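Required output: the full structure, derived from the provided sequences and hints.
Residue numbers for the sequence shown follow full-length UniProt numbering, beginning at 1 and rising by one.
Among the hints, erroneous ones may be present.
Simulated pairs of lysine to any residue, SDA-like, Cα-Cα distance not exceeding 25 Å [what the hints assert, rightly or not]:
id: 1; residue 1: Lys278; residue 2: Lys98
id: 2; residue 1: Lys249; residue 2: Asn194
id: 3; residue 1: Lys131; residue 2: Glu66
id: 4; residue 1: Lys36; residue 2: Leu276
id: 5; residue 1: Lys249; residue 2: Arg6
id: 6; residue 1: Lys98; residue 2: Ile62
Label pairs and their in silico Cβ distance ranges [to be verified]:
id: 7; residue 1: Asn203; residue 2: Gln13; range: 13 to 23 Å
id: 8; residue 1: Asp128; residue 2: Arg166; range: 40 to 50 Å
id: 9; residue 1: Gly26; residue 2: Gln132; range: 30 to 40 Å
id: 10; residue 1: Gly118; residue 2: His97; range: 17 to 27 Å
id: 11; residue 1: Thr89; residue 2: Asn203; range: 39 to 49 Å
id: 12; residue 1: Arg6; residue 2: Pro198; range: 18 to 28 Å
No lab work stands behind these hints: they were computed from the structure.
Model, not experiment: these values are computed from the prediction.
Glycine included, C-beta positions come from ideal geometry on N, C-alpha and C.
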Amino acid sequence: MIEGDRELSAVIQELWDNDVNRLRPGIDYRINLQGKAGSLAGFADDNDRAGLPLFTFVDENIFKKETFLAFISLLDNYESDTGEPEIVTPEEELENHKFLDSILKTPTMKMAHRYLVGKHLSPEDTTDFKKQLYHIWFELYARRGSSKPDSSGFEHVFVGETRGGRTVIGFHNWIQLYLQEKLGHIDYKGYSVNANSPQPDENKHILALQFSWKNGIKPKGSIFIGVSPEFEFALYTLCFLTSPNERVKVSFSVYELEIVCHHYNQKHIGTTYPVLVKYLKL
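Here's what the structure looks like:
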């Protein structure tokens, strides 16, 4: 691991240790992994290796917490199909600001901010830092194949989008996954592993999976499960601002991960998500 990654890992470990709103596997939520997803993405029932939902239980009291409440209010603000221009209403803009205000009060975002200021990558003033976050995550841009602003980093990563009505892109958040599955919009197809990745574990906080959403399929997606919105936001912002590379390898807790982070015009987040490399022995 290169020195920068080691330093970043230490910061992320600190974020992890201070993520007071993280849910506990098997206590605050339970998942049912079932079978390994088929390699071909299709809609036929014979490709479905999971007859039951992924989530068997989530203690929804967590959703009453300020950051979760503010996060969930953003999930219905977007047109899922790329190519459909996004119109941001004054009310939605207010909700974006309310979400940023809520996470900026948390220990995890304060730590991320302090680190970025020390690296001269973010302004020290909280108001200016919030503007930087808004620019990175919420400003609209035109995704590939579109002529009008139809996407944002937040929409792609946390809400999910569809391309051509048949393919799901982005969608790397467990809260959105749980809520959409509860509404009957998600059909979990099974977990994804390849020759190099470890078997998933129902008591760990990361999962690669296949699912369909609305009329589209996500052949393989990777998400954290049970973490707070502020942890993911802090982690991905750190990786976006500190690393010019599209993949940064970090270790914390029992996880060695690659955080994939694609920049869009070096100004916005195109996509970002975790890839499990291995479990670490403590």
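Results for each hint:
For the given pair, lysine 278 sits about 36 Å from lysine 98 by alpha-carbon distance, which is inconsistent with the 25 Å threshold. A C-alpha spacing of about 18 Å is found between lysine 249 and asparagine 194, which places the hinted pair at or below 25 Å, so the restraint holds. For the hint pairing lysine 131 with glutamate 66, the CA-to-CA distance comes to about 20 Å; that is within 25 Å, so the pair holds. Taking the CA atoms of lysine 36 and leucine 276, the gap is near 16 Å; set against the 25 Å cutoff, the hint holds.
Annotation: proposed proximity of lysine 249 to arginine 6 holds, straight-line Cα distance about 9 Å (limit 25 Å). Pair hint lysine 98 plus isoleucine 62 holds up; C-alpha atoms about 18 Å apart against a cutoff of 25 Å. The supplied range of 13 to 23 Å is met by asparagine 203 and glutamine 13, whose beta-carbon atoms lie about 19 Å from each other. In this structure the hint that aspartate 128 and arginine 166 lie 40 to 50 Å apart at CB holds, the actual value being about 42 Å.
A hinted range of 30 to 40 Å for the beta carbons of glycine 26 and glutamine 132 is consistent with their spacing of about 37 Å. One distance hint, 17 to 27 Å for the beta-carbon pair glycine 118 and histidine 97, holds here, with the actual separation near 26 Å. Evaluation of the 39 to 49 Å hint for threonine 89 and asparagine 203 yields a pass: the beta carbon distance comes to about 41 Å. Between arginine 6 and proline 198 the CB atoms are about 22 Å apart, so this pair conforms to the stated range of 18 to 28 Å.
Violated hint: 1 only; the structure is consistent with all others.
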